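Engineer: The chain contents come next:
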Amino acid sequence: MMYLPQILFAIVLLASIGYFARNVSKLRRNITLGHDVDVSDNTSQRWKNMAMIALGQSKMVKRPIAGALHVIVYVGFVVINIEVLEIIIDGLAGTHRIFSPIGATYGVLIGIFEILAVLVFVAVVVFWLRRNTLKLKRFWANEMKGWPKDDANYILYFEMVLMGLFLTMNATDLEFQAMNSGNVISQFIAPWFSSFSESSIHIIERSAWWLHIVGILIFLNYLYFSKHLHILLAFPNTYYGRIKPQGQFENLEAVTSEVKMMMDPDADPYAAPEAGAEDEVPAKFGASDVQDLSWVNLLSAYTCTECGRCTSECPANQTGKKLSPRKIMMDTRDRLVEVGKNIDANNGEFKDDGKQLLDDYITKEELWACTSCNACVEACPVSIDPLNIIMQMRQYLVMEQSAAPMELNNMMTNIENNGAPWPYNQMDRLNWKNEA
Amino acid sequence: MSEQLNVPTMAEFMAAGKKPEVLFWVGCAGSFDDRAKKITKAFVKLLHRSKVEFAVLGTEESCTGDPAKRAGNEFLFQMQAVTNIEVLNAYEIKKIVTACPHCFNTIKNEYPGLGGSYEVMHHTQFLKSLLDEGRLTIEGGQFKGKRITFHDPCYLGRGNGVYEAPRELIRKLDAELVEMKSCKSRGLCCGAGGAQMFKDAEPGDKEVNIARTEQAIDVKPEIIAAGCPFCNTMMTDGVKNKEREADIAVMDIAELIANAQDL
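Protein chains in written order, with the numbering used here: chain V, 186 to 621; chain B, 1490 to 1752.
Please keep in mind that the hints were generated in silico from the structure rather than gathered at the bench. This one's a predicted model, so the numbers in the text were calculated from it and none came from an experiment. Note that beta-carbon positions come from the ideal geometry of N, C-alpha and C, so glycine has one too. Take every hint as true, because none was put in to throw you off.
Lysine-lysine pairs mimicking BS3-like chemistry, simulated, CA-CA at most 27 angstroms apart:
#1 LYS1695(B) to LYS320(V)
#2 LYS1670(B) to LYS320(V)
#3 LYS1583(B) to LYS445(V)
#4 LYS1508(B) to LYS618(V)
#5 LYS618(V) to LYS1584(B)
#6 LYS618(V) to LYS1507(B)
#7 LYS1584(B) to LYS429(V)
#8 LYS507(V) to LYS1731(B)
#9 LYS549(V) to LYS1695(B)
#10 LYS429(V) to LYS1673(B)
#11 LYS618(V) to LYS1534(B)
#12 LYS1583(B) to LYS429(V)
#13 LYS1673(B) to LYS247(V)
#14 LYS507(V) to LYS1695(B)
#15 LYS1688(B) to LYS507(V)
#16 LYS1583(B) to LYS618(V)
#17 LYS445(V) to LYS1584(B)
#18 LYS618(V) to LYS1540(B)
#19 LYS322(V) to LYS1670(B)
#20 LYS549(V) to LYS1688(B)
#21 LYS507(V) to LYS1670(B)
#22 LYS1670(B) to LYS247(V)
Counterexamples of contact, computed for chain B against chain V with all Cβ distances above 12 angstroms:
#23 GLU1608
#24 GLU1622
#25 LYS1635
#26 GLU1653
#27 THR1725
With the hints as extra help, turn the sequences into a complete structure.
Structural biologist: Quick look at the structure:
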């Protein structure tokens, strides 16, 4: 019987780590459904970006209030989790506060955790108020109805409860209070329990301890289903994010080879395809579904925290158009999750479900409203590039479906015929020098 | 001003067995759009004033393909790019300057991958370098003390990180440079990019150029300075829409400098 709590702890720990690992492998499988892109360049710049943007929160603080609050929660999360190491060792070994014999340092550490716990609690309450009471516009857009709104609030409640449990656990730990070192906050909570018997206090302490660690493990497993995946994926996403100037769009290689062939005066237009070439699936230009996007696009979709900074900076969205860069990312993730479930249900193979990212999730109207101004890319605190997805979908519309708006078709016909987007003769290009 | 501008072409340079210091890529707007042609001429005058030996491609120039690419037509873009690169490489062009941020971005960033690598400068960067080298002097003239706000073109600013060159030129005019609420890396688009220039906007409650013009009017400028022919059109339309064309002028930076010297 003596070992029962330890056995129970080991089972809970293993089960939650196991479930998490299973979901991580699904996540990986889903992300790699995207086509490959070469991201082996600029290694040192990439590490620098990750250090600055993810670790250093450099883009978060561009909006000072939300940025400062986020830094508190972020630092609190990272630092307080050092305590989880002790909790896990205690849980498995049946010890109690195994690191406490290290003396004064222990008190300092716990003291820091307690202060951070209070700061995180306050920050999370302010976050909740901003979302639900101040009703900041970016949290009340169309795409935030239902699950996205609930998801955000659940996480805030979760963090409030976890911080509360951590402080309660310390306040009701009589030995810890007797040490009188590091209980900078919990010493003021301890008196609330002074009327309780010693055994009741002990039960409260044990309950808080268990609920705290189980809460953390539930939180870990909640990530996979939540926008909160960003706490893990922000790191790879900022590493793999855009290195080139924002104005530079990729040149499609498949197109380059065809264009080169067309321009080559020695190419034989009647040449028979090489043996075996017929079997090749012709390249699809652009993207109509998630599998056509790159794995970096898909990683970004899972990384998106739905903060809406992109959408609030978007000129189309600001002027009432349907386009919302955040929705582009949320739709991409939703469709990817749907495709993933389809694959799971069909023994590892995707069965056509008659749906796709284009039209079923993202409409043409949204895609054509983009000015390609890069404001969304600049605004994203975790280096997501919604514009890249919009452009790939436009490529599909134009090159696979010839479905550009008529005015754009006119513009393109002009370029083809006379080398300018307007119907002016190329021979008149220098006429301006003679005009008064 | 009815005098004919001296605008040599690459073909003429080639025939004379010479090479210019820089190729001026005029662009479609700069060649055909009535408003943008004024910017082209102002810039040419500044090039002459600074004794820069330049040439244009003239009838051998063709659209860079930017609007086609942003509209999703990668084929057309690459056809244009490869054709232009053939011409540029045949003339052994090393350095290009253009007054259009879209041409600037496309040639600078998207042509190298297709075989065309050149040193490409936006005209504000080029004018700034002429100023630094002492080849160009800027006087305040009629713009001394005027309130000027600069609208960042997306493909110059965010797209390529060029924020300071145009601003330094404005400061040299002894003008009062005022910044809009959204500026530099957070500058609001004029609404023309991504091939929007060539189509009507999707349904919404406002045009993007009106929103941007309102931001400009908020800082009470006498002049809205632009560095892009498309932004220029959008802001000019915005000012007209607000019936403020009598007291707010929309001018390219090249025009400001040229006009200050009564060129």
